[in-house]
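10 protein chains.
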Amino acid sequence: MTRDQLTEKILDIKREKGLTWKQITEAIGGMSPMLVVGALLGQMKLVKPLAAKAKDLFGLTEAEAAMLNEVPYRGMPMPPTDPLIYRFYELVMVNGPALKALIEEEFGDGIMSAIDFNMEIEREPNAKGDRVKLSMSGKFLPYKYYGAEQGIPEYGFKEE
Amino acid sequence: MTRDQLTEKILDIKREKGLTWKQITEAIGGMSPMLVVGALLGQMKLVKPLAAKAKDLFGLTEAEAAMLNEVPYRGMPMPPTDPLIYRFYELVMVNGPALKALIEEEFGDGIMSAIDFNMEIEREPNAKGDRVKLSMSGKFLPYKYYGAEQGIPEYGFKEE
Amino acid sequence: MTRDQLTEKILDIKREKGLTWKQITEAIGGMSPMLVVGALLGQMKLVKPLAAKAKDLFGLTEAEAAMLNEVPYRGMPMPPTDPLIYRFYELVMVNGPALKALIEEEFGDGIMSAIDFNMEIEREPNAKGDRVKLSMSGKFLPYKYYGAEQGIPEYGFKEE
Amino acid sequence: MTRDQLTEKILDIKREKGLTWKQITEAIGGMSPMLVVGALLGQMKLVKPLAAKAKDLFGLTEAEAAMLNEVPYRGMPMPPTDPLIYRFYELVMVNGPALKALIEEEFGDGIMSAIDFNMEIEREPNAKGDRVKLSMSGKFLPYKYYGAEQGIPEYGFKEE
Amino acid sequence: MTRDQLTEKILDIKREKGLTWKQITEAIGGMSPMLVVGALLGQMKLVKPLAAKAKDLFGLTEAEAAMLNEVPYRGMPMPPTDPLIYRFYELVMVNGPALKALIEEEFGDGIMSAIDFNMEIEREPNAKGDRVKLSMSGKFLPYKYYGAEQGIPEYGFKEE
Amino acid sequence: MTRDQLTEKILDIKREKGLTWKQITEAIGGMSPMLVVGALLGQMKLVKPLAAKAKDLFGLTEAEAAMLNEVPYRGMPMPPTDPLIYRFYELVMVNGPALKALIEEEFGDGIMSAIDFNMEIEREPNAKGDRVKLSMSGKFLPYKYYGAEQGIPEYGFKEE
Amino acid sequence: MTRDQLTEKILDIKREKGLTWKQITEAIGGMSPMLVVGALLGQMKLVKPLAAKAKDLFGLTEAEAAMLNEVPYRGMPMPPTDPLIYRFYELVMVNGPALKALIEEEFGDGIMSAIDFNMEIEREPNAKGDRVKLSMSGKFLPYKYYGAEQGIPEYGFKEE
Amino acid sequence: MTRDQLTEKILDIKREKGLTWKQITEAIGGMSPMLVVGALLGQMKLVKPLAAKAKDLFGLTEAEAAMLNEVPYRGMPMPPTDPLIYRFYELVMVNGPALKALIEEEFGDGIMSAIDFNMEIEREPNAKGDRVKLSMSGKFLPYKYYGAEQGIPEYGFKEE
Amino acid sequence: MTRDQLTEKILDIKREKGLTWKQITEAIGGMSPMLVVGALLGQMKLVKPLAAKAKDLFGLTEAEAAMLNEVPYRGMPMPPTDPLIYRFYELVMVNGPALKALIEEEFGDGIMSAIDFNMEIEREPNAKGDRVKLSMSGKFLPYKYYGAEQGIPEYGFKEE
Amino acid sequence: MTRDQLTEKILDIKREKGLTWKQITEAIGGMSPMLVVGALLGQMKLVKPLAAKAKDLFGLTEAEAAMLNEVPYRGMPMPPTDPLIYRFYELVMVNGPALKALIEEEFGDGIMSAIDFNMEIEREPNAKGDRVKLSMSGKFLPYKYYGAEQGIPEYGFKEE
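These protein sequence lines are chains A, B, C, D, E, F, G, H, I and J, in that order.
For the first sequence, this note's numbering assigns the number 1 to the initial residue and increments by one for each residue that follows.
For the second sequence, this note's numbering assigns the number 1 to the initial residue and increments by one for each residue that follows.
For the third sequence, this note's numbering assigns the number 1 to the initial residue and increments by one for each residue that follows.
For the fourth sequence, this note's numbering assigns the number 1 to the initial residue and increments by one for each residue that follows.
For the fifth sequence, this note's numbering assigns the number 1 to the initial residue and increments by one for each residue that follows.
For the sixth sequence, this note's numbering assigns the number 1 to the initial residue and increments by one for each residue that follows.
For the seventh sequence, this note's numbering assigns the number 1 to the initial residue and increments by one for each residue that follows.
For the eighth sequence, this note's numbering assigns the number 1 to the initial residue and increments by one for each residue that follows.
For the ninth sequence, this note's numbering assigns the number 1 to the initial residue and increments by one for each residue that follows.
For the tenth sequence, this note's numbering assigns the number 1 to the initial residue and increments by one for each residue that follows.
Looking at chain A on its own, in the form it has when it is part of the complex (with noise of 0.2 angstroms):
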């Protein structure tokens, strides 16, 4: 059994059942529906407590829950062909030289957190039209200056 396979098959599930997200991450609770949605489509590990109530919700077998306590192989292929996923990439390739330099002269030498990262996505009512709001936060992990001697900053902060 793949990881791919299984979401097919808790796919197929969903659509027979006619579950929605919104149902199913209430189910399984304990975390994000964003990372409840995104385990289930195979980029996300459920932590013990959470895969066993999947295991439920779509009757699936114990190897199968355990699968999805296993971290996958994260990502998709890339560049994205579908619409909406590709706005976002879209994004990335547009505002990356800004987000670097803005970054960069705020926080010092690093990045943004990937992994010790929140994502909220809401609808933000709008008379023009309802907008997609996504909060995201990460921390910012300055780069490490090892060997760092004596006066020389350890990690990459602001400089004065």
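No wet-lab data here; the hints were simulated from the structure.
The model shown is predicted, which means the values in this text are computed figures rather than measured ones.
Note that CB positions come from ideal geometry on N, CA and C, so glycine has one too.
Accuracy of the hints is not assured; some may be wrong.
[What the hints assert, rightly or not] Facing chain D, according to a computed beta carbon distance under 7 angstroms, are these residues of chain B, among others:
| id | residue |
| --- | --- |
| 1 | 60 |
| 2 | 63 |
| 3 | 66 |
| 4 | 74 |
| 5 | 146 |
| 6 | 147 |
[Said to hold, decoys possible] Now the stretches of chain B that chain C is said to cover, found in silico as 3 or more residues with beta-carbon under 8 angstroms:
| id | segment |
| --- | --- |
| 7 | 26-37 |
| 8 | 40-51 |
Dock chains B, C, D, E, F, G, H, I and J against chain A, hints included.
Just chains B, C, D, E, F, G, H, I and J now, kept in the frame of chain A:
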């Protein structure tokens, strides 16, 4: 003169004058610093009054200011090799499937616009290490079902 | 079941029953044949009443009809190797720069939507050989200049 | 001198003189603005009388005008990273399969020519936001069934 | 059933019956062996009477014969890894610039059609080793200068 | 000096002097115009007497003539974006499988040489539109079955 | 049945019977072990008597033996990810320019054939560690200068 | 001035002065030689006091020293064609799956940071040939399970 | 049976039996857990006694154990999309130039072997968060200067 | 100065002085002509006495000679478009699987070194056309089974 040459010139002047992006975006003002920096890095357009301010700040020629007022050929090479920008790419690669599932369930068949779109970036103080906070909001654009007949929705909003 | 498997099944039934796309799109109706065919080939969604008609026409299961009602992962592999589709790709490759220049001069900084978009295809009789006529119309979406201050346009429409 | 250098020079002069594409294409005239702009951007050829007008308008040398009269090596890098051009690419990627199915059913085995082809672009006023209207028409070219024997069609037009 | 599966089945039967392409193309006849073989390998369409003959020869089902009558999604993966096919690819890669220069000088601005096109292949006896002789002929298709005004050629034939 | 720079210089002189390829290949002579043009475009070598004629015709330096006498690093970037050259690429992509099947059945296990190879290009007058005629002939090179023992053919010619 | 499936079956039998390549190539004989192994791995053809021996050794069907007698679609995916094969790829990547310079200076304008080509592989005992010895020999094939006139060499052998 | 131009200038001066990396990194000091060399080659940032020392050592301008103090656009082209660097790439390609399995089992769901990371390189004397010793240590960063509810771990550390 | 199918089977059994890699590598033993895990994931070979232990542990067939004793086609697809493995790829991409500079200065012209190579992975306790510690050591292999004459070093060790 | 610029300069001087590679490699001597030519083309290093000879022969500066003494960033772009070099690439692509099978069976688990490696190239006279003879020999490097316990081989030599 290519846009890349203009970007290089602007960065040379920024370096020689010891300007920060904060000083630059305050001097030019007019819209989000993200967009002003994006324009100076060759990804966005500056409307005429802002291009005029950039001309003064950097001592540009008329032709260079006119170029800043043009819409550039947007987009940087992908995949990004720089770690800071790559993390955003990775977020799309790993969360793409869940974003698609959740946005489509909430809004219907369509996309979040990458054009009618805002982004704000802030420092989020945190005892365990400050965080980079990104707030994004894009208009939901439903797919048009052209040729829709009576009783069929004209746009791909959420079906009841 | 994957969407590709459903497409293959639908094409098998179409072939066995000797159906034409014209017969199929007339039977399903509801919106442009282009969109109905797109959905049956795995690129578009059929709203529920249309999915129900497709179910009857092809003798599909409930789950298969439900899958037609889902938004597929859109996009075929690129570049297209098939000559018919390649010609459209070539038109973008050769005319892209001129389209960008003319649309931006006429409308301002933005794009033609590929989502709020219609396409019609017709046979254009011609003594030297009939022609394929494509009429397309997409909403112009101006770039949003977020954080726009007083006196600065909020959207990238044509500057005076 | 390469064609790219000539394009860059023309754009420099256009910027310095504050010319618009509309002024340029009216001054040069002779054929569709789309083609004239395409030629000045290095994708099309200008026939001699038009190249001569371009020479006058931009103050080009004889050799530069001669280069505008040459057929360039056509085609821009793909996939397009610029959002405006990408939307056209996406339209091919998403609608390619349906276009192939419908054109082949209507016309037979062949392609829409990208050479014996017209394109017109217009602003379509619309209360919900103006639209970009593209009208395209290309000659249908049926595949040649060479070596066709008696009773077998010589070209791939629609079979009865 | 996919076209690849049909091709594989036909090759299995060819192998089991010990048929040669010569026997097959003589039995099916109707047009150039190159096209008939192309169709059986999934690159061309067989018109109905030829598909019927292929059905008899290979003992295919009605649906399989109908599939042979469909226009396939043409094109093999590139670059070709097989040496025989690579040599043709190399001929394009090495001679492409000269072909472009000479065809455009002789005919004007346009292309050699790959659709209204014949190809013949023959053995050319030669004392130093027989040669593969390929004769190709494609209709010259001049670029259309749409919107051409009086005095401007409508098509890109050779300028005087 | 690179070969590309020499090609650019030659094209500059050709343009300034208003030379045609026909005039150039007649002046240089010695072998097929296809090869002479190929050499001037950086894909072929000119033997010394021909390089000397090119030197006179274009007013080249000794070193430039010597460079024309060198074997260049052959091959243009692929896939070709230019429509004229792409059509040849497409012919390989679509007809490759049939060419392989038919050449191997007629000749045995081997290839058509792309080195011991001739190509001629002619205008083929035709009432429906003149055609580009290409005649190609390449030596068949059978695979060598090295280490062949008695009774086993040493080369991959057609088996009886 | 595809050639890959046949290769997989042969490897399964080899493993089950505990056969070595040495035993296999001795049993089949007829030509270099390199070629016989190549054929069993799907890259070469076995002439009929050798295919018959392979049939006996592996207990293949008639159709499978017939497939071994066919010329496969040659070539593995590149670049090779396996370190053993990559080292050969690297040798081409690093030594390619010098090989081109030296072969062309010694032989003239042409190539070393990869078709009329032998390769032998041997163990070369060495006190510091045994070495893999590869001896290769390919016929030099000079470029044909077609249309060569009197006084011009017809082939690209070394010029005096 | 681009960072590549600065790197080229620094290497020119290094070569002209006959400096070694050892001399350079001792003169600049402040942190690991790996990082200092990385900065001079355009992959790392030098904090101000170190950039000042580099300025003195190489005779750079103020602007050049300021550029060394900037965070560069990191990352070299991949895959590496140079054998020395390729071996590291190969180690990732071959050992990636085992590294993932073992790190996740030992630490839980997360990654080894490439930012809060040290690397040391040493010569390891060995009678059979000295060895290159690399010691690396990166902080383990557990995935954040955002929206974690009571009883669910907030981070992807090893589950009991 | 392919190696991928065997890997999938082993992972299925691991999951069903609830085995950890630690238990597996202790049961099989014989060499570094990194290598044993690598072999079970299809990247390394298990020598016969270890393959026999794996056979017992997982209940494999003789043929499956024989396959574990074979050298697999090594290498996973690149670039890695999984964040854990990508970080190692990034380390090569960012530190490659400095590694090359420092290894060559210390050792001379050559590479660090990826074959005669050890790797150890350990948990490094740290108050700010435990770290992943990797110790690697590869034999330095100097380039061979073949054909070296008297006075010229035969290998590319550091020059004095 | 980049290595490419130095290569271009050396080739310019070679052309102007009418030098052959034979004259050059005899004048520089010291090791195999293949390596000396490789160094002058930017793929190998020249040890100091040879770099000094190259300096004299080509009239280089001290800095240029020092650059020849540096290890270059090796590797040309792949796949090679030049037919001469492509044939070597094809040999790897077609014979890679058999080389892997035979080397591993004869030597065990490991690779042929591309570093401790010799290559000789000779003209092999032959009545049917002279042949290019390449003799290569690379040290066999067995995989290290690190952490090998008693009774387990430490290196991947052929198992008994």
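- Message: Tell me the numbers of any earlier hints that the structure contravenes, in ascending order.
- Response: 1, 5, 6
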